[in-house]
Amino acid sequence: MLQRTMLQSTKGRAMMLQQLINGVALGATYALIALGYTMVYGIISLINFAHGEIFMVGAFVGLLMVATFKVNFFVAMLIAMLVCMALGVLIEWVAYRPLRKSSRLSALISAIGVSIFLSSLAQMIFGADAKGFPDSAFTMRRIHIGAADISTLQLLIIGVSACLMLALEFIVRKTRIGKAMRATSEDYNTAALMGINVNMIISFTFALGSALAAAGGVLVGLLFNSVSFNMGLMAGLKAFAAAVLGGIGSIPGAMLGGLLLGITEVFTVAAGYSSYRDAIAFAILVLVLMVRPTGLLGRKIQKKV
Amino acid sequence: MGEVLQAVIARIDPYFLQISVNIGIAIILALGLNVVTGLTGQLSLGHAAFMSIGAFTSALATIKLGLPFSVNLLLAGAISAATGALIGYPILRLAGDYLAICTLGFAEIVKVVFLNLELTNKAFGLSVPPPKSAIPLPIVVWLAALLAIVAVSFIRNSRFGRALMAIRCDEIAAESMGINIARYKVHSFAIGAFLAGVGGGLYAHSLGFINPSDFGFLKSIDILGMIVLGGLGSIPGSVIGAAVLSTAPEFLRFMANYRMLVYGGLLVFLMIFRPNGLMGGVNLKELVRSWRS
Amino acid sequence: MALLKLEHVTIRFGGLVAVHNVTLNVDKGSIHALIGPNGAGKSTIFNLITGIYPPTSGTISFRGRSIAGMPTHRIAALGISRTFQNIRLFSDLSVLDNVLIGAHTRGGWDLTGALMKFAPWVQREEREMRELAFSRLKLVELDHRAADSSGALPYGEQRRLEIARALALCPELLLLDEPAAGMNPQEKLALMEMVERIRADGVTVLLVEHDMKFVMGLSDRIAVLDYGEKIAEGDPCEIRANPQVIEAYLGKAAPFTDAASDNIPVARSAVCW
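Chains as they are written, first to last, in my numbering: chain A, 1 to 305; chain B, 1 to 293; chain C, 1 to 273.
Hints listed in this document are in silico derivations from the structure and should not be mistaken for laboratory results. All the given hints hold, so there is nothing to weed out.
Once the Cα atoms are required to be at most 35 angstroms apart in a straight line, the calculated DSBU-like pairs of lysine-lysine come out as: (1) C:Lys117 <-> B:Lys132; (2) A:Lys131 <-> B:Lys122; (3) B:Lys122 <-> B:Lys64; (4) C:Lys138 <-> C:Lys117; (5) B:Lys132 <-> B:Lys64.
Part of the chain B face toward chain A, derived, beta carbon under 7 angstroms: (6) Leu43; (7) Leu94; (8) Glu108; (9) Val112; (10) Met260; (11) Leu261; (12) Tyr263; (13) Met271; (14) Ile272; (15) Pro275.
Just so you know, even glycine gets a beta-carbon here, dropped at the ideal spot from N, CA and C.
Isolated chain A, as found in the complex (with noise of 0.2 angstroms):
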């Protein structure tokens, strides 16, 4: 009956299309933190549980170049982007490769290691509280659309993520190392019998889904104006739910995931049930997986035995 009358009248339309809106903004960082985790499991089938972690050292490397470089905030983004290109291939290389051939359950631990290794160290290097941005970063304004606001942020976000998203796409579906990425994806041990190098391959993913996590930080850093050392897990997990919703393995699917998700979670809190807003990820993913496991566009894998 809420809906009804949110619907019928003009206000309730002007408030619904705007929380569409802070839904797509947000969903859109979601998305890119999602990508991350799809590619990797698309080729290693490893949930790389680091990956919030690098979503978190971005936001704080962006951070570093805006508040103390003094550096233009895309610059800014670009670097953090390197940087964490630069990291998700060190952790790759340093605490999975060892374990390709070993259990499931050894990676996945490794992976839960890294990731505390991680949120450890940035507590200790930048403290404890959250930090915010230099007001002279973004220069924020709001445009009107129809009855709703948009703020130049959420533009920015939206534009950035889409952009990124595509170049990802094309990446993937139009270029050789992309092929080799989905080959490798399908069958890594013949794709490295047609002597595609596997290992760099497997690196370049890394390296590809860190750069898109880290612009994800950065902009989520501005979006809420707040970076801290926890915010890596959070942000992890409900980017997997993402992932997870859309099918994990499937590009588009974590773009998909990454905005419904972020459409639920705002529409959440719009309807009073803010203190609830971290737990709908897990619902989401709770409920996927027990009734449509292969998420919204995933394949279905055939037992072998």
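Given chain A, put chains B and C in place with the hints provided.
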């Protein structure tokens, strides 16, 4: 009888007493998780949630119902076990990684719910009065830990335990030998949850004050670290791992800031260089045999 | 009397029809073989029988009772056990433990039994299971390795262990999936004798195998699959001479190689009129 024990307890150094209680509770928690993760091979990242359910059930049972402690603990364990079975049933169909994340999600949901519930005093935390027990708390803890060690040892060396380990090794082969995978997984989950619930109840009464935020991801990882360090599936390993990791913060107070850093690094290091932990996957019988020879 | 009956069984995986309209009757007490080129659907049929996939259509019955769609563990409890093409041992566990797990359905005590470890009824069950396990290990000549880690066993012994494990279930029907794969001629001969002993014990055997001497020397009846369909069935002599079978395997008519050119003495049915 009670006064005799009280007198005995009073003569022990309180600092040592507290440490031994912490170790005892850690052993119970570690053994519970070891049944799920070490024996059955199901990675649970949300074990603290069952501890939380047990802790609050037990605390409320003392506050509102005034139940005698033993009943209280059994109730806490039973409610946790029931929750474990309920949750376990739908999600245990999932493959390893997904199951792990789902357990994590479940734990987060429990935390958020407790933080918002009137009954658990929301985010303010609950003050826990002393338990209704003639036997002093430390002795209850030691007895419970001993019982847990014996019970899990019995489980490991039985038809039931073998079925669990078969599931860990190869589910399809296990099923082909007549093992109902879903049923055994749920049972193992329930056992783990039961022990976590009892541990939570003991924790609540030992600490005197509990807050839902105490039972978050970090606590689950703490317990996981204990069984990984000791060796997955190894019972003496869980005991040693629990002892080491629950006392380490005390001895390493000077590096308190570096604690989680070392922890994270240790997990990675162990997985790469010594995945079988300190005990190397050995069980007690083999250990004793090797000592004797 | 047919112990196992597959009637017009078809299974489709998305667009791929892996098994099409296959009818198969395995008689009690016989050794029945399933042969065919790679990808013909032989392992799929095993997976259908053991309930890993349900058939898209058709019926599967065991001892007259429909088992299609039943979960794997229930089918096993009914008396059908198997080995796997790619060995699936419980490699972290000891040789004895592997066979004890095979004997799982012979017992009934679960958690309560575990906690009552020293109760006489539990101890008796455990003792009986151990005796059964050791007897199976003796059958495959691995009893001296009982305490060893199963993962450390050489390949041939691992295959034998898998058979011992499957036998510990005391099955009425034993499915052997390429049991001779990777074995040398002596091992194959020993395996043939072992399978004969198993049949003599009253177990019906259905096997998938590529080694023709092995199949011809052991089987009472052979069914041939190609592209998911049964193209021939009969006793070894009939199959050897069947031109469709030969073509399916070799493309054009080429006789099966003479047994004498390999070192395996072929038993009874190799001599055809």
